[in-house]
Amino acid sequence: MNFLRSLADRDRVFDFLVPAASPVDVRHGPILYLEDVTVSFDGFKAINDLNLTIDDGELRCIIGPNGAGKTTMMDIITGKTRPDAGKVWFGSRHDLLTMNEPEIASLGIGRKFQKPTVFEALTLFENLELAMAADKRILPTLTARMTPAIRDRIEEVLETIGLAELRLRPAGILSHGQKQWLEIGMLLMQRPRLLLVDEPVAGMTEQEMERTAELLTGLAGKQSVVVVEHDMGFVRSIARKVTVLHQGSVLAEGSMDQVSNDPKVVEVYLGADAEEEVA
Amino acid sequence: MHWLGRPFTERSTQLFLGVLLAALTLVTILHVAVPQGHPLHVSAYTVNLLGKYLSYALLAVAVDLIWGYLGILSLGHGAFFALGGYAMGMYLMRQIGDRGVYGHPELPDFMVFLNWDSLPWYWTGFDMAWFAFIMVLLAPGLLALVFGFLAFRSRVTGVYLSIITQALTFALMLAFFRNEMGFGGNNGLTDFRDILGFSLRSDATRLGLFIATGVALAVGYVLCRAIVSSKLGRVCVATRDAEARTRFIGYRVERFQLFVFVVSAMLAGLAGALYVPQVGIINPSEFSPVFSIEIVLWVALGGRATLYGAVIGAILVNYAKTVFTGVMPDAWLFALGAMFVLVTVFLPKGVAGLLAYRVRRRKHRGEDDESPTPRGKEVSA
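Protein chains in written order, with this note's numbering: chain A, 26 to 304; chain B, 668 to 1048.
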């Protein structure tokens, strides 16, 4: 009887009626949830029983030596690589293992690759315009209008990445660091819920690093941000919580101080540098 | 259709249309109102020659659209130009009627000569102007659609695409050389009499064709400008510079390439259709790979990715060709080669780049005279 009543309940929405592009459900806290994920390439276990939880609005840094599985983990989340076993959930409603790359991207997971690629012949404003979430078929693109709402959104992102003064200059004139920021801006135009950022400060000057740190910490709260980075000084400057990967699984997790004092971590990753630093 | 109106608000388009309109008016007045023998009189021969240049200019605009903005170097655009030309030539052949050498009421002379007793099926309908004019756009458009679909879907780009477009036009040239194809073999289609009832031998018709070509150039230019100044145009430039990245942010790059390729091919076909009645013949030599490469040279000389540069390049090079082949026919190819080398070395952005540079410099100097603000600090609008 109760079952029949529940069928007649007008407030009820059946799971199969919920469109795949429905909003991400983060009522339970985590926006990204990986459980017992394993991937092997030709017998080599790149990811081995990995468990990781990212909360909504969190800024998380992931560090680890080369070959620890950082990039593979990103590939799994964005749908580029399929794990052999395990669960990957986005919020508590979307099973990422059942989706392909464009579907995952349209759910709101944006990824920034190491090498910045912007459209050098176009202005910063136009770069952001193209990256914006919109109908990207031919005719809608041909007849697209610049509305005040779009303009405001682009200006807002230009302010966020601190390049508003250069809005009408071609992106080709930007420095390496500024290109990285523009690329983060292009990700923001797609209104992502979760940003995956791969080595954002590689090749940056001190000042640019500081600026990037401000940018990423400013984003956290509105978006969840996962940063993979080698530069310990940079990680120290932004991280509230750090995850250390080693041989495809989590070795330690906690604040930067906790992690860098962890003897296991010191042994496998931080090595001599960190001992000096800690001492 | 607001995107079609956008170009009219741009300075460069207004300037281009103004200059084109002034040139058309001036030539018309000097041809009609100034008596023959007067030093300022423009002869029917010159009007005809200018009309030919304008159809080349439209062809160059079509090539600039895909090469300049999308980075697709087509070395086979002569094929689309020639197909449009053949569609127009077939219409003009049917207009001859029984006035041919053999006086057959229906068959063109070359078919009578080959002892054919009826028109091949693909010649049906070409006695009607509207049908022929649609085919002028449809035939090159369809070829571009099929060819482009296969090429872009397989992600053939860069130099490989250039090579297969060369192969395409070469294959078509060999095919059209054959008498069995039913397009007049190596003689092509010629001996045209009239178009839409007007005699092609009268000066008035030639002037009309010249003006029609000018109008077609204006329409083609505005269409291309509307495309490149829309968001789609920016997607094209993005594709040209970083194809993988464009795909990654969600654009189906191969569809954009196909769309622009087809538009460009149709414009090239239109140019060919306007060219044929003005020169009075269409034969397979228009399919020759060398001609397609020459078109690219016009665009390179005039300046890529500006559209008006393509027009300037096409007119300049063809004027130089007319002069040179009159004075020293053997030296023409050397002159073309030298021009190309000099422009690539000294004017990497072509003639249009030089013009833009001069305009910018004058503007800078003007600003300096008016306000003593220090230069070097960039002010963004």
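Certain hints may be false.
[What the hints assert, rightly or not] Which chain B residues face chain A? A few, computed with CB under 7 angstroms, are given here:
1. S896
2. L899
3. I916
In case anyone wonders, no lab produced these hints; they're calculated from the structure. Glycine included, C-beta positions come from ideal geometry on N, C-alpha and C.
Do the hints match the structure? See the list:
1. S896: Not OK, violated: B:S896 not within 7 angstroms of chain A, min 11 angstroms.
2. L899: holds (4 angstroms)
3. I916: holds (5 angstroms)
The structure fails to meet hint 1 from the earlier list, while all remaining hints are met.
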